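2 protein chains.
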Amino acid sequence: MEFTQKFAEYKKIADESIAKFLPRPQPGFEVLAEAMEYALLGGGKRIRPVLLLAVCDMCGGDLNLAGPAAAAIEMVHAYSLVHDDLPAMDNDDFRRGRPTVHKVYGEDIAILAGDALLTRAFEVAAGIPNAEIAAKASLWLAQGAGCEGMVAGQVIDLQSEGKSGITYEHLRQMDLFKTGALIRTAGKLGGLAADASETQFKFIDQYCSALGLAFQIQDDILDVTGSEEFGKPIGSDAENGKATYVSVLGLEKAKDLTRQLTDTAVKALQQLPNGEFLKELALLLLHRKQ
Amino acid sequence: MEFTQKFAEYKKIADESIAKFLPRPQPGFEVLAEAMEYALLGGGKRIRPVLLLAVCDMCGGDLNLAGPAAAAIEMVHAYSLVHDDLPAMDNDDFRRGRPTVHKVYGEDIAILAGDALLTRAFEVAAGIPNAEIAAKASLWLAQGAGCEGMVAGQVIDLQSEGKSGITYEHLRQMDLFKTGALIRTAGKLGGLAADASETQFKFIDQYCSALGLAFQIQDDILDVTGSEEFGKPIGSDAENGKATYVSVLGLEKAKDLTRQLTDTAVKALQQLPNGEFLKELALLLLHRKQ
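First to last, the protein sequences are chains A and B.
In the working numbering, each residue's number is its place in the first sequence (first place is 1) plus 12.
In the working numbering, each residue's number is its place in the second sequence (first place is 1) plus 12.
In isolation and in its complexed conformation, chain A is listed as follows:
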């Protein structure tokens, strides 16, 4: 099957699973489920659940078993964006061309909708029928998302703002936590659903680590070269006084680095069976325009 078709298939499974596990609006607090849905159904690329499902598929796993984990990881990602956009954080009014959750529902509901999405993710993961997988999925999700994972990255990010002398090594450390942790968790959860071997887990992690960093550097490159039609205004990082890979390394070196990292990711796949889709995914992210 062709890459685009395969991607659409994984995305469909992810979207259906997300829709299935979203709460229904309840009388008295309809707005909560609405805000959660608004945050989740805003046209995200679904990179994390697609990656999770592709890894599961590559290792010969059952995609139905991976569905809940795919929904859970996207819920964690969505919550992080809702809280990240808040006035006390990045203070963003738009995301993917739409008003952010707090602009539509107010700050209080946005905080609570984020909290509820995070909690729902664990409800979904812990509710996986196989207890061993449910416990491990919940544990790994928490480790990737929490105070020694994604949230740590957010804190490092906050503390870096406006500081001069930020180095490449500092940015890399930050992104290992901020975006890398959850992308690696996606790979791990895909492997878990497929009962991957230790060796497979090792190369999956190599692939995801390189992919996650390449993705982030590409984000910074697009902030300079990208098109405003895809939501984030061009040059917003520079305006916010944020150090980026481009400001630290220069545009050409940053581009070189994404190519090198993509290469590392692709090499890790050579140790795994059926890595064709994930190879094309890495190349797609390298060449993406949004």
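Hints are not guaranteed to be accurate.
[What the hints assert, rightly or not] Here are the simulated DSS-like cross-link-like pairs (lysine-lysine), alpha carbons at most 27 Å apart as the crow flies: (1) K115/A with K175/B; (2) K214/B with K279/B; (3) K265/A with K23/A; (4) K254/A with K115/B; (5) K175/A with K32/A; (6) K267/B with K115/A; (7) K115/B with K175/A; (8) K265/A with K175/A; (9) K18/A with K32/A; (10) K301/B with K23/B; (11) K279/B with K175/B; (12) K115/A with K254/B.
[As the list claims (entries may be wrong)] Taking CB as the label site, the calculated pair distances span: (13) A31/A with L53/B: 38 to 48 Å; (14) G174/A with G109/B: 54 to 64 Å; (15) F213/B with L53/A: 29 to 39 Å; (16) G109/A with E264/B: 55 to 65 Å; (17) R110/B with D275/A: 46 to 56 Å; (18) L53/A with D74/B: 38 to 48 Å; (19) E144/A with F213/B: 19 to 29 Å; (20) A31/A with P111/B: 18 to 28 Å; (21) D74/B with Q38/A: 31 to 41 Å.
Hints are computed from structural coordinates only; laboratory data are not their basis.
The model shown is predicted, which means the values in this text are computed figures rather than measured ones.
No residue lacks a Cβ here, since even glycine has one placed at the ideal position from N, Cα and C.
Position chain B against the provided structure of chain A, taking the given hints into account.
Relative to the frame of chain A, chain B by itself:
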């Protein structure tokens, strides 16, 4: 063993478990672990973990097995207070006589510390060595804390502010979610750690439901009659234009109701073995001054 001694013993187990599962400060984001610790070590009454441990003990369970769940439920409670105190929510500067987390660390870190506490709770629960218990504990914790539990109650609360014509039934519905859900979860997790029977779970839940509501009504009573030395200024609910059990029912009826609910809680215990401690706990909460 006497009640006070027993309470101290449970509280000690809870405190030790919380300390054990709190993250250590890490270079680059020390402030995150610090803010989490500040939120958790502020002299809380530890009602939820003590209740959890007491239920486990009553049902003949191993308190060591219940330790992680006790820490996890207090982390969920602590996160809810940190987010609840934020300017966009209740905008409280003090809690238990100390500046709130966002007053000390800033709003951004307070949001992230709350997120990290919630996530850590699931890391702890999902990390319980027995996978069946770990998965169920994580699931029940998420159900009690999330969009059809505690967070739903917060949303109902927000939407009730400043509204006239709030009824007793409305307040009761709100509190069933807002505080009741997590208190009932404490009881369930205690039963889970002790492998309680279905009948035991039923009466534990009756006890916790009545206790949770009585606790909340008592809170409203203390807001009118209580002493400022325990943190919350007297009459803060009335100042915030919040409907309370006292404003809706009147002080005497509210007091009657807490007595009736305490009675219901105590009656449920008669169907359970060794309910002496939990009976005294219910009476303590009825007669508490803070």
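How does the Cβ-Cβ distance of A31/A and P111/B compare with 18 to 28 Å: does it lie in that range? violated (43 Å)
Is the Cα-Cα distance between K267/B and K115/A 27 Å or less? Since the Cα atoms of K267/B and K115/A sit roughly 42 Å apart, the hinted pair is violated (cutoff 27 Å).
Supplied distance hint 29 to 39 Å, evaluated on CB atoms of F213/B and L53/A: Distance hint for F213/B, L53/A holds at roughly 37 Å.
Looking only at beta-carbon atoms, does the pair A31/A, L53/B fall within the given range of 38 to 48 Å? holds (41 Å)
Is the straight-line distance between the alpha-carbon of K214/B and that of K279/B 27 Å or less? holds (13 Å)
Take the C-alpha atoms of K115/A and K175/B, compute the straight-line distance between them, and say whether it is at most 27 Å. Judged against 27 Å, a Cα distance of about 23 Å means the pair holds.
Looking only at beta-carbon atoms, does the pair R110/B, D275/A fall within the given range of 46 to 56 Å? holds (53 Å)
Holds or violated: K301/B and K23/B, Cα atoms, limit 27 Å. With a Cα-Cα distance of about 19 Å, the restraint between K301/B and K23/B holds, given a limit of 27 Å.
Is it true that E144/A and F213/B lie within 19 to 29 Å of each other by Cβ? Holds: the Cβ-Cβ distance is about 24 Å, inside 19 to 29 Å.
For the range 55 to 65 Å, tell me whether the beta carbons of G109/A and E264/B fit it or not. At roughly 57 Å between Cβ atoms, E264/B and G109/A fall inside 55 to 65 Å, so the hint holds.
Just to be careful, I want the Cα atoms of K265/A and K23/A compared with a cutoff of 27 Å; is the pair within it? Judged against 27 Å, a Cα distance of about 33 Å means the pair is violated.
Does K175/A lie within 27 Å of K265/A when you go C-alpha to C-alpha? holds (22 Å)
Figure legend: structure checked against the earlier numbered hints; hints not met, in rising order: 3, 5, 6, 11, 14, 20.
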